[in-house]
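Below are the chains, spelled out letter by letter.
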Amino acid sequence: MLRFRSIAMFALVLVLGSTVGFQAASAQRLSVPAGGEKLVTLTDKVNKNQFIWVSDAPLESIKGTSEGVGGTLTMDPQDLSTIRGTVTTQVSTMRTGNETRDHHLVSAEWLDASRYPLITFTITSVDNIKTNGTTATGYATGNFTLHGVTKRITIPFSLSYVPENAQTRQRAPGDLVMFSADFTIALKDFNVTGTDGVVGSKVGDQIKITAHLFGNAVPRSTT
Amino acid sequence: MKAKQTIALLLFLLAAGLLGWWIAAGMHPFTTTKQMVPVTDPLFGTVTQTWVDKFTPGLELIGPIAAVFGIIGFFLLRSGRKKRTAGTPNV
Chain A
1 MLRFRSIAMF
11 ALVLVLGSTV
21 GFQAASAQRL
31 SVPAGGEKLV
41 TLTDKVNKNQ
51 FIWVSDAPLE
61 SIKGTSEGVG
71 GTLTMDPQDL
81 STIRGTVTTQ
91 VSTMRTGNET
101 RDHHLVSAEW
111 LDASRYPLIT
121 FTITSVDNIK
131 TNGTTATGYA
141 TGNFTLHGVT
151 KRITIPFSLS
161 YVPENAQTRQ
171 RAPGDLVMFS
181 ADFTIALKDF
191 NVTGTDGVVG
201 SKVGDQIKIT
211 AHLFGNAVPR
221 STT
Chain B
1 MKAKQTIALL
11 LFLLAAGLLG
21 WWIAAGMHPF
31 TTTKQMVPVT
41 DPLFGTVTQT
51 WVDKFTPGLE
61 LIGPIAAVFG
71 IIGFFLLRSG
81 RKKRTAGTPN
91 V
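Chains as they are written, first to last, in this note's numbering: chain A, 1 to 223; chain B, 1 to 91.
Possibly wrong hints are sitting among the right ones.
DEER-style ranges, computed between Cβ atoms [as the list claims (entries may be wrong)]: (1) B/Met27 to A/Val149: 33 to 41 Å; (2) B/Val47 to A/Pro58: 24 to 32 Å; (3) A/Val32 to B/Thr33: 41 to 49 Å; (4) B/Thr50 to A/Arg152: 42 to 50 Å.
Derived from the structure by calculation, the hints contain no laboratory data. Each residue gets a CB set at the ideal place from its N, CA and C atoms; glycine is no exception.
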């Protein structure tokens with residue numbers, strides 16, 4: 001009798017465990033045809049790759065963009081926890097609508113584009129993934145490097161995956177992927193202090209960043 | 001005499017007009033020559049931004065010009081009044 005109970009208990013744990021495991025796995029899976037691991041190359045052929053940022057200072061809210069975006073990611077649409085890769089943007093492409101301010105922004109006192117030409121984010125892990133058809137949300141953790149300083153940060157992101165079709169082929173070969181992310185960084189964390197006393201007064205200390213990244217995904221074996 | 005008053009009035013109007021333009025443009029402290037315009041991607045529904053040429057005056061440009069107009073207008077009015085006071089015969 002005791003033995004039967006033990007076996008029944010074991011079977012129940014097994015069933016529950018596999019159900020939870022299946023749900024966790026399916027939560028990380030997009031509803032797209034299986035195709036194995038893909039290499040996603042960020043390209044403006046799909047749409048304009050762009051970082052939009054806002055500096056809310058007491059004197060003025062400054063809005064700007066950075067468009068020299070590049071990078072490659074690897075991902076398996078059947079297991080989004082496998083997303084890895086690096087995204088870069090060129091500091092020299094930052095624009096605010098005011099040429100004098102643009103020059104200040106890339107100067108040695110601020111982002112020092114000549115010494116630190118790139119801002120990079122290298123994804124080391126992805127978790128809390130929730131999928132809904134061909135879209136998903138999750139959190140990407142990785143190393144964010146700005147002004148020569150690297151910090152480990154976690155960024156919430158959303159993803160939209162469009163399997164290859166006649167419409168997508170007009171932009172780029174393969175499936176198309178779009179990543180969006182909203183996050184905030186503190187300039188002081190990256191030793192960006194600007195002219196004495198300017199950060200936090202004329203320029204906000206916290207910079208809100210929105211990323212729109214577009215790429216085409218092709219099977220990794222074909223690359 | 002009247003010419004000075006007219007010029008002063010015109011300068012005040014110009015200064016007021018410049019300040020009105022600055023207020024209407026959003027009261028920005030700094031001048032911008034480009035503005036972001038949202039563009040929606042029909043495939044993804046994402047809104048990206050594109051830059052278009054648009055001059056928006058800032059206070060750093062409008063302020064000094066309006067102040068100079070105001071000061072010149074003030075002195076023109078003042079000099080006109082002084083001359084008028086000096087030229088008035090004592091009764």
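Comparing the hints with the structure gives:
{"no.": "1", "hint": "B/Met27 to A/Val149: 33 to 41 Å", "result": "35 Å, holds"}
{"no.": "2", "hint": "B/Val47 to A/Pro58: 24 to 32 Å", "result": "28 Å, holds"}
{"no.": "3", "hint": "A/Val32 to B/Thr33: 41 to 49 Å", "result": "44 Å, holds"}
{"no.": "4", "hint": "B/Thr50 to A/Arg152: 42 to 50 Å", "result": "33 Å, violated"}
Hint 4 from the earlier list is the only one contradicted by this structure; the remaining hints agree with it.
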